[in-house]
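Chains as they are written, first to last, in the numbering used here: chain A, 2 to 211; chain B, 33 to 294; chain C, 215 to 680.
Just so you know, these hints were derived from the structure itself, not from any lab. If you're wondering where the values come from, they're calculated on a predicted model, not measured in any experiment. By construction, the Cβ of each residue, glycine as well, lies at the ideal position given by its N, Cα and C atoms. Among the clues, some could well be false.
Stated by the list, open to error - Covered, in the sense of this in silico footprint (three residues per stretch, anywhere, with C-beta under 8 Å from a C-beta of chain B), are these stretches of chain A: (1) 51 to 58; (2) 117 to 129; (3) 195 to 202.
Said to hold, decoys possible - Just some of the chain A residues that point at chain C, by a computed CB distance under 8 Å: (4) I114; (5) A132; (6) I157; (7) N163; (8) S164; (9) M186; (10) L190.
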Amino acid sequence: MPLPRFSLINYFVLLVLLSCLVLVIVDRTGLLPPLRSLTTLLYTWTILISAFALLLGVVNVLLVHVRRIQNGQAGWPYSLALVATLVAVFVAGLLRQNGMRNLMLEWIFDSLIAPGQAMLFALTAFFMAAAAFRWLRIGRVGGAWMLAGVLLILLIQMPAANSALSPVWRQLANWTLSVPIMAVMRGALLGSGLALLITGVRFLLNRNAG
Amino acid sequence: MPSGVETTLAANLGLWVGFVFSLLIFSALMGENALTRLAQHILVGASLGYLAILVLRDVLQPRLFIPLFSGGVQANLPRWQLWAPLILGLLLCAAGLDRMRQAGKPGSGEGWLGRRLLHGLGMIPVALLLGISIAVGIVGLWQGTLLTQLWRVASPGIAWSAAPAQFLGSILTLLLTTATLLHLSVRLDRQLTNSPVIMRSILEGWIWLGKRALWVAAGVIFARLVAARLSLLIGRMEFFLFSLNQTGVWQWAETLWRSLVQ
Amino acid sequence: MTTIHCPHCGVANRTGSNFCNRCGTDLRTDEPISATRSDPALTEPPSTFDDATPPSSFAAQPPLPSEEQTPPDAAAPPEPTSPPAELTIKQLWLQDEALFAPTDPAEISEFEQDPVSDDISSLAGSGRLMTGVQGLLEPLRISSESGESGDLATPTRYFAPGIELGIDQLRRLRGLMTQDPTLLHAPPLYRPRKLPALRVPWIFVLLGLMVALPVFLLFGQPVGQVQQWPGVAEAHAQVENLAPDAPILILWAYDPATADEMDLLALPLVTQLVARQTKPIVVSLLPNGLATTRRLFARVTGHMLDDPSLLDYYIDGGFFAGGAAALPLLGQDLRHTLLGSTLGTSPALAKAVAQPPVLAIVIAAQAEDVQQWLELVQPLNQIPVVAFTSAGADLPLRPYLESGQLRGLVSGFDGGYTYQQLLTQPLSHNEETIYRLQLVFQNWGHLAFLVLIVLGNLAALLYARS
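Could you put together the complete structure from these sequences and hints?
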């Protein structure tokens with residue numbers, strides 16, 4: 002027997018969504034002050050439910066990699082390393098009494114997490130260099146304009162060049178940032194903000210953006 | 033309590049581990065290789081393990097489990113206010129775990145009534161999070177950005193008595209903001225086909241200006257990003273230098289070099 | 215929660231979905247899925263598979279369970295929530311082996327040499343069920359624009375051996391599957407340029423050498439001076455004018471990933487806060503945020519990380535797991551937020567939240583975090599905000615500074631340098647050396663970028679002439 006496409010539970014879920022939506026919006030407008038305690042409660046729940054969601058996400062990754070190991074799929078040794086590290090860190094945090102301030106976790110943070118994350122982000126400098134070589138060319142569409150902006154700021158923020166340049170340049174850079182560039186960024190902010198707002202409303206009304 | 037010797041040993045070992053680990057990730061520049069992939073997987077594993085224990089120790093334990101099961105600080109809160117998120121969270125986890133268990137299996141969408149009910153109930157906390165996120169996002173965008181920035185555009189402080197530089201700055205701000213906004217929102221080929229020629233020419237010029245201004249702004253952002261990323265790179269280089277100094281490798285290499293030279 | 219399988223790619227979607235989450239196929243049909251299967255191209259197995267000598271990969275393939283256990287029953291209406299057995303059997307291209315295993319040795323070698331095929335086979339090798347298989351064999355490569363032919367040189371590569379379909383047929387098939395009207399012979403409207411690769415070894419070596427050599431050889435020159443951007447002095451004044459025990463709220467929105475830059479900004483701020491004997495409440499939306507806070511306060515105060523007296527200098531407000539959705543809580547009920555947990559057992563915290571904060575400081579690597587604070591928290595508590603951000607986040611925040619929503623803005627290494635020079639409390643000699651060396655190494659790094667830009671333009675010029 003074919004099942005109904007939209008069951009009662011779906012309506013209930015939709016009702017929850019819309020109720021939260023209306024509650025928060027009405028509260029933020031300040032029209033009904035008594036709602037404040039209710040939204041405070043909702044936000045508190047958000048923290049707690051999000052915590053469960055984060056744990057679920059971790060378990061999901063764990064399961065995906067455990068399955069990969071079980072099936073002997075390509076790259077399973079990497080998955081093994083991931084699972085072993087994840088479990089080791091979790092157990093280290095569970096066994097010690099000092100919460101997040103136990104020395105074992107601090108050591109893991111300083112030796113693995115911090116250097117690893119920092120190195121990954123530092124690599125982007127190399128790709129930016131490649132992008133500068135490939136894209137900041139006068140012949141490309143908009144390249145000359147972009148190059149003008151890049152050179153103005155690169156020269157002014159390079160300490161050695163800054164001290165060599167005339168004070169007029171420094172004032173020009175400050176003015177550029179505070180007036181024309183700020184105006185452009187405001188236009189971009191408004192444009193993207195309006196687009197986001199419209200997209201959000203269309204999503205709520207189940208109207209496709211296309 | 034670890035002794036001073038243990039602490040020093042752990043610190044030295046940590047330096048070595050951090051140094052080698054950074055090198056492994058750094059090797060990604062030479063192309064995708066097994067060592068980089070290994071380091072990335074270890075990094076993800078460590079970060080996720082840290083996240084899980086953080087959520088447990090710093091969020092759920094102090095905000096939910098201890099107040100609910102050990103009483104104490106949240107005596108002023110009715111119990112249901114804590115039971116509700118616990119139940120919703122458990123529902124989310126149960127439904128999610130069941131979905132993960134079923135993932136990839138044929139006919140994963142089927143199931144007995146209980147399973148379908150579980151999956152449906154598991155959507156309630158998701159709906160709650162989604163509803164709050166969307167509402168907060170929309171209202172926040174309106175109150176914190178659109179309203180304030182539109183107000184600034186509408187009242188740019190153009191006063192005829194202002195100094196000429198300030199007056200020109202205000203005019204330029206208004207001109208560029210609207211030009212950018214026009215460039216981002218108006219499609220001349222679609223929306224202004226029936227407009228008068230003069231109107232269309234003015235708008236085209238305005239949009240032309242907005243487009244060029246955006247390009248310059250993109251260049252400025254790129255240049256500032258260069259400074260940001262260079263700081264990160266310099267920081268890592270200094271870390272390498274520091275690690276080498278602390279671990280004694282630098283001195284060892286120096287000694288070796290001197291012996292070779294002599 | 216029931217699911218419905220996409221007739222196009224087979225992926226499970228939530229019942230009631232309008233479009234497939236994977237391939238975008240319209241699922242809004244009242245007809246059962248079998249209606250889609252009425253297309254002969256899909257229901258009838260290709261004749262090649264009926265050959266006496268099937269491809270070895272198929273021979274090795276065990277029969278599908280559904281094929282053995284549930285013979286297709288044309289009379290029984292299929293359940294929308296279950297994948298139809300016939301569909302599973304006959305969509306042979308939904309199997310990895312069918313997709314990626316050529317039979318002819320010549321074809322194999324050609325297949326291996328084809329970069330596009332290589333790309334796909336690498337996806338298959340990754341073991342991910344969805345890659346390369348769903349979406350009717352990479353349908354995204356099938357464009358309705360005939361001009362986009364670069365990826366269509368060997369369209370049958372994406373199909374099982376024996377399924378010979380031309381480009382037009384592929385497009386027609388995709389049109390049928392998506393139920394979207396597509397122009398089969400439309401003129402090309404937009405031909406995307408091929409993006410140049412960003413993995414350029416000699417550039418990496420150049421930049422690496424220009425930054426690494428001065429670092430390792432500890433060059434002390436040139437130093438120069440930094441640009442004093444608008445907003446730094448205002449930020450310093452906001453903090454400097456605080457009363458010694460004024461309650462401050464800090465959103466710590468950076469972690470070790472960006473700490474090498476952000477510490478340059480946060481260090482003088484924390485030094486100033488410690489010197490002024492303020493005790494800020496620090497909260498973070500990032501899992502690794504508060505660990506970074508601990509390290510910086512330990513660095514400034516000279517305490518060990520596990521020293522409990524470190525918490526005499528700031529109040530750990532905890533990790534906010536809800537992200538931006540939970541941020542308004544800080545604006546509307548800080549007391550409830552922080553005292554509503556065992557974190558609230560700290561008497562210092564109870565004292566700190568007894569009165570509302572007078573200043574909010576957002577230390578963020580991304581502009582979005584500052585924006586979110588200005589959108590979600592400031593309209594509620596109306597507290598002045600000062601931002602310390604990465605240099606890359608500077609520009610998007612300028613409009614907020616100009617509109618007065620931000621009272622001060624400090625960004626980048628140059629902002630941090632300017633800020634530390636404004637301090638009345640001098641930094642330690644080591645810290646000052648770090649800032650000085652930062653300027654030296656920034657010079658070399660910037661020089662590398664300028665050289666690269668010049669070289670790029672020269673190359674373009676020479677290329678254009680040739």
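(request) Against the earlier hints, flag every one the structure doesn't satisfy and list their numbers going up. (result) When the structure is compared with the hints, none of them turns out to be violated.
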